[in-house]
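K.L.:
Listed below, chain by chain, are the residues.
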Amino acid sequence: MGQITLQGVQKSFGPVHIIKGADLDIADGSFVVFVGPSGCGKTTLLRLIAGLEDVSGGKILIDGKNVVDTPPAKRGLSMVFQSYALYPHMSVRGNIGFGLKMAGLPKEEINRKVEAAAATLNLTPYLDRKPRELSGGQRQRVAIGRAIVREPKAFLFDEPLSNLDAALRVQMRIEVTRLQKQLGTTAIYVTHDQVEAMTMADKIVVLNGGKIEQYGSPLELYERPANLFVAGFIGSPKMNFVTGELAKQQGAATIGVRPEHLKIERDGAGGWQGTIAVAEHLGSDTFLYVDAGSLGMLTARYIGELSLHAGDRVSLVPDPARIHRFDDGGKALRS
Amino acid sequence: MARMATTRRVAISTAAAWLFGFLIFFPILWMVLASFKTELEAFAIPPSFLFFHWTTENYATVQERSDYFHHAMNSVIIAGGSTLIALLIAIPAAWSMAFSPTKRTKDILLWMLSTKMMPPVGVLVPIYLIYKSFGLLDSRIGLVFILCLGNLPIVIWMLFTYFKEIPRDILEAARMDGATIGRELVYVLTPMAIPGLASTLLLNLILAWNEAFWTLNLSTSNAAPLTTFIASYSSPEGLFWAKLSAASTLAIAPILVLGWFSQKQLVRGLTFGAVK
Ligand SMILES: Nc1ncnc2c1ncn2[C@@H]1O[C@H](COP(=O)(O)OP(=O)(O)OP(=O)(O)O)[C@@H](O)[C@H]1O
Ligand SMILES: [Mg+2]
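Protein sequences appear in the order of chains A and B.
Residues 1 to 335, numbered by the working numbering, are exactly what the first sequence covers, in order.
Residues 336 to 611, numbered by the working numbering, are exactly what the second sequence covers, in order.
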């Protein structure tokens, strides 16, 4: 079991409030991703759950039990650090087995479990090496092995893939997701890569300035962002925002349209007119950055190749069903 | 061409390094050579480098006249004792400053270092009087105590910098792995701190072994370590170069051997590669 609940969790370092009251319900076995801009408190929130940092207020419940006064060692969680944090003087075997040794398991059982974990992670040939004799990806795997072998109530990951190169990152992303599903263990995963967030998560927590902006499934956040911040943060390229007269006509202070929901017409008279400033041709996609006069710069995305170039006039027609409306406080308006 | 140029550069730097090393080492070599000469040859001009009458009589005289082993034993006890006590005090001190620093930590460290800025002779008289009234003059305990105090700031500083370099993440990982503070100390921190502990220990041993100001001033015979033993050949009897050299060679030999054998272990860092 690994159900985690936060109730009004607060954290301040001295006079600075970093986490300003977080409420969250994480179901057993789910994969929850914390995303948000740098410095918004993702790591801090994770460390609060781990127990590496003490809360300044509120409750953290693990399987219904308040753990704010429980030391990290007793919370039954395991953590994968961004820096891997392997024990440099121990072999891979020693690293993975350390938690089991601390739990007082007999030697044969430790060996059996370590070898099983190593086999899942393709680490068997390296069991007797020291961390310094491994590549970055292998070190990362050892860190993950160390986390899974203890069969914890939940895994906590703090940007575990950020030190890997792009190709390896995609591969490990898939492996981590697969492993989590296979084990059925609750996971909390911190990242600021929104592709990781969208692809790995059952549910995403969007944090901004120490507050939870929205908590929902990836598609919920994409389709029904609760406010301007989430709308702008989730999705790449970023959603286009238009204010002023056009928004007022829709009864909103700001309206937003995602680049992929703008229909591009070469010589249409309707829609939003503009001149292409930059055109990016990726083959699979075409991104147009359009100078639309008083509307500002708009981004449009076309799936596939579209032979338009800088300087061409285009008209962008928003899909009326996909227009997001926000009030002047930035909150989403639903009709 | 480029390759040849580099080879030559390497050769020149190597030669320069050897020459420089030799220059630094030369006085020690000269002392050792002089210890095997007769008194006359020891200060003959022009000096003879290798072709002289080799003799060990100086060593025999030195051992006979003043008991080398007695002094060596004192040196071992004083250097070893003061180092161990300093470590016992410094480990927890450096530990707490490195792992749970407060606003004042930096100030405390600076204050400790500042105590080393005053010349010891400035407090000689008060210390001497205190030692006299407590009956600590010419006692091993007294010397252990003063050397321990004298080196403590350096030991704490060194350990602090070593502890500081141990990544916090690794200790936190151990905590997440279910290790209590005690086990974290035994299984993770200590093994990672060993190279640092070892070099601190060695450096402090050397400093204490060679310390001459307090040992010369606060001891005469009973507790006198090797520094006093050497000094006894220089002052009262004038210039007995060969015997003085023999005494000095005997005095530095143990610490030289110790340093030679521990250099590899000391240089090797353990933490490399654990944290990216
Ligand atoms: N020990 C600390 N003392 C004081 N301030 C801290 C401490 N740890 C974090 N902070 C502050 O808390 C804020 C949130 O930090 P945190 O590390 O949680 O951000 P993050 O969301 O993980 O950012 P990133 O994406 O860059 O890792 C930052 O403004 C940081 O300066
Ligand atoms: Mg972070």
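None of these hints come from the bench; they were simulated from the model.
The C-beta atom is built at its ideal place from N, Cα and C for all residues, glycine as well.
Be a bit skeptical, because a hint or two may be false.
Coverage of chain A stretches by chain B, computed from C-beta distances (three or more under 8 Å per stretch; other residues unrestricted) [said to hold, decoys possible]: (1) 69-80; (2) 87-96.
Here are some of the chain B residues that sit facing chain A, going by a computed Cβ distance under 10 Å [said to hold, decoys possible]: (3) Ala350; (4) Ala351; (5) Ala352; (6) Phe360; (7) Glu399; (8) Lys467; (9) Lys499; (10) Ile505; (11) Ala514; (12) Leu520; (13) Met527.
K.L.:
Hint by hint, say whether it matches the structure.
P.N.:
Structure-based check of all given hints:
1. Evaluation of the coverage hint for the segment 69-80 of chain A: fulfilled, as 7 residues show C-beta separations to chain B shorter than 8 Å, against a requirement of three.
2. Note: the segment 87-96 of chain A has 3 residues with beta-carbon separation from chain B under 8 Å; the three-residue rule is met and the coverage holds.
3. A hinted interface residue such as Ala350 of chain B counts as satisfied when its beta carbon comes closer than 10 Å to some beta carbon of chain A; here the least separation is about 34 Å, so the hint is violated.
4. Evaluation of the Ala351 of chain B hint against chain A yields a violated restraint, the C-beta minimum of about 33 Å exceeding 10 Å.
5. Given hint, Ala352 of chain B at the interface with chain A, is violated; its Cβ is 29 Å from that chain's nearest Cβ, farther than 10 Å.
6. About 34 Å separates the beta-carbon of Phe360 of chain B from the nearest beta-carbon of chain A, more than 10 Å, and the hint is not met.
7. The interface hint given for Glu399 of chain B is broken, as the beta carbon of that residue sits about 50 Å from the closest beta carbon of chain A, more than 10 Å.
8. This hint is violated: Lys467 of chain B has a C-beta 49 Å from the nearest C-beta of chain A, more than the 10 Å allowed.
9. The beta carbon of Lys499 of chain B comes no nearer than 16 Å to any beta carbon in chain A, farther than 10 Å, and the hint placing it at the interface is violated.
10. Checking Ile505 of chain B against chain A by beta carbon gives a least distance of about 5 Å; that is within 10 Å, so the hint holds.
11. Because the closest C-beta pair between Ala514 of chain B and chain A is about 5 Å apart, less than 10 Å, the hint holds.
12. Hint on Leu520 of chain B is violated. Least Cβ distance to chain A is approximately 13 Å, over the 10 Å limit.
13. Interface restraint check for Met527 of chain B: the shortest CB-CB distance to chain A comes to about 6 Å, inside 10 Å, so the restraint holds.
Consistency note: the structure conflicts with the earlier hints numbered 3, 4, 5, 6, 7, 8, 9 and 12.
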